[in-house]
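Given the coordinates of chain A, assemble chain B onto it according to the supplied hints.
First to last, the protein sequences are chains A and B. The first sequence: position 238 = 238 (our numbering), numbered continuously. Take any residue in the second sequence, note its place counting from 1, add 315, and you have its number in our numbering.
Treat the hints with caution; some may be incorrect.
[Claimed, not checked] Calculated cross-link-like contacts (lysine-lysine; reagent style DSSO-like; alpha-carbon spacing at most 27 Å):
1. B:K364 with B:K339
2. A:K274 with B:K339
3. B:K339 with A:K271
By construction, these hints were calculated from the structure, which means they are not laboratory data. Every value quoted in this text rests on a predicted model; they were computed, and no experiment measured them.
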Amino acid sequence: MRFDSLIDSVGRTPLVGLPRLSPSQDVRIWAKLEDRNPTGSIKDRPALWMIEQAEKDGLLRPGCTILEPTSGNTGISLAMSARLKGYRLICVMPENTSEERRQLLRMWGAEIVSSPAAGGSNEAVRVAKGMAAENPDWVMLYQYGNPANWRSHYETTGPEIMEDLPSVTHFVAGLGTTGTLMGVGRFLRERVPGVRIVAAEPRYGELVYGLRNVDEGFIPELYDPDVLTTRFSVSSGDALRRTRELLSTEGIFAGVSTGAALHGALGMAAKALKEGERADIVFVVADGGWKYLSTGAYEGTLDEAEERLEGQLWA
Amino acid sequence: MAIEVRIPTILRTFTEGAKAVDAKGATLEELIGDLDSRHPGLKDRLVDKGALRRFVNVYLNDEDVRFLGGLETPVADGDTVTVLPAVAGGSR
Chain A
1 MRFDSLIDSV
11 GRTPLVGLPR
21 LSPSQDVRIW
31 AKLEDRNPTG
41 SIKDRPALWM
51 IEQAEKDGLL
61 RPGCTILEPT
71 SGNTGISLAM
81 SARLKGYRLI
91 CVMPENTSEE
101 RRQLLRMWGA
111 EIVSSPAAGG
121 SNEAVRVAKG
131 MAAENPDWVM
141 LYQYGNPANW
151 RSHYETTGPE
161 IMEDLPSVTH
171 FVAGLGTTGT
181 LMGVGRFLRE
191 RVPGVRIVAA
201 EPRYGELVYG
211 LRNVDEGFIP
221 ELYDPDVLTT
231 RFSVSSGDAL
241 RRTRELLSTE
251 GIFAGVSTGA
261 ALHGALGMAA
271 KALKEGERAD
281 IVFVVADGGW
291 KYLSTGAYEG
301 TLDEAEERLE
311 GQLWA
Chain B
316 MAIEVRIPTI
326 LRTFTEGAKA
336 VDAKGATLEE
346 LIGDLDSRHP
356 GLKDRLVDKG
366 ALRRFVNVYL
376 NDEDVRFLGG
386 LETPVADGDT
396 VTVLPAVAGG
406 SR
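Next up, chain A with everything else stripped away, as it sits in the complex (with noise of 0.2 Å):
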């Protein structure tokens, strides 16, 4: 495949059956590789998308300054595409995101704003606010409440999903911004009769849990209930268990959060097996492994990799 930038490489990405972690010929797993995005994954569309709407919509010239509250990985798309279309950008993240993260970032020339890891992303979305009120020549995306994020998906990432696999029955991706399961959702939903979209929430640990109460209440503008068929809850245990299962069964070096959507995944086709129900279940691969060495996540047992994941932000 030939691209004329690397911008235009965004997404058609691969997707790959799990023939050792499907259940049965009848119930299949299907695994969306978007860590084969540029920046090594799936936030290179909803970045890409948001920036060029900005700059239809005439908010972003050259030289502007964008502000995004980001835990990373859009981040890392908005540091490539700013870098190459000669934007400033300036990044707040949890001062407890992974080292790899922040290095990434300043690789590609984004500036940090470190906000407090009790709060976790809500926090950070809370001083990106103050920041972009004190600085009104700065563009926020606002990844939470940027209709282009969810179109992202809606445009790209439903339809390459319907071409390479029209029997689809689940859509399974982790809930963050809401923007892949929102757009991928809407999309599906217009197509397939009676397609199950599921959200598979990451569950911190009681004492990162406790501390969001802080900020109880914070929903992403972008999330609609009525997209969503049904919502995992799913324990950093859980989803570390499953990273490794991808690795170990199918081969595939995927971060933290993928666990958790592969969790959602295997819980939806249990249930399918035991209805006798056809099922060609997708779920998303939001990033590899590679950022989260350092988490300790792929070492030593699994209550040993747990613990050390304890208070860190792995989605």
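Same frame as chain A, now just chain B:
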């Protein structure tokens, strides 16, 4: 028929500190009733006027019961029910 119910820290005063307890029932409602018979007061913390309390999330095998059938959700031997306090985006 035994179903494992995982209890959050905040409600462990009702279970003598136990992180998980066994309970019986064919639906979530029956299960909670059975729990309350051995851990009095627990039901009141989970259910209000015949529905799950707003700031409580209950998961059946990690799936949010609000998307399944609420208190009428069928449960079966070998299932795991997890109770958690609701946080950001935790309830519809």
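Against the structure shown, which of the earlier numbered hints fail to hold, in ascending order? Structure breaks no hint.
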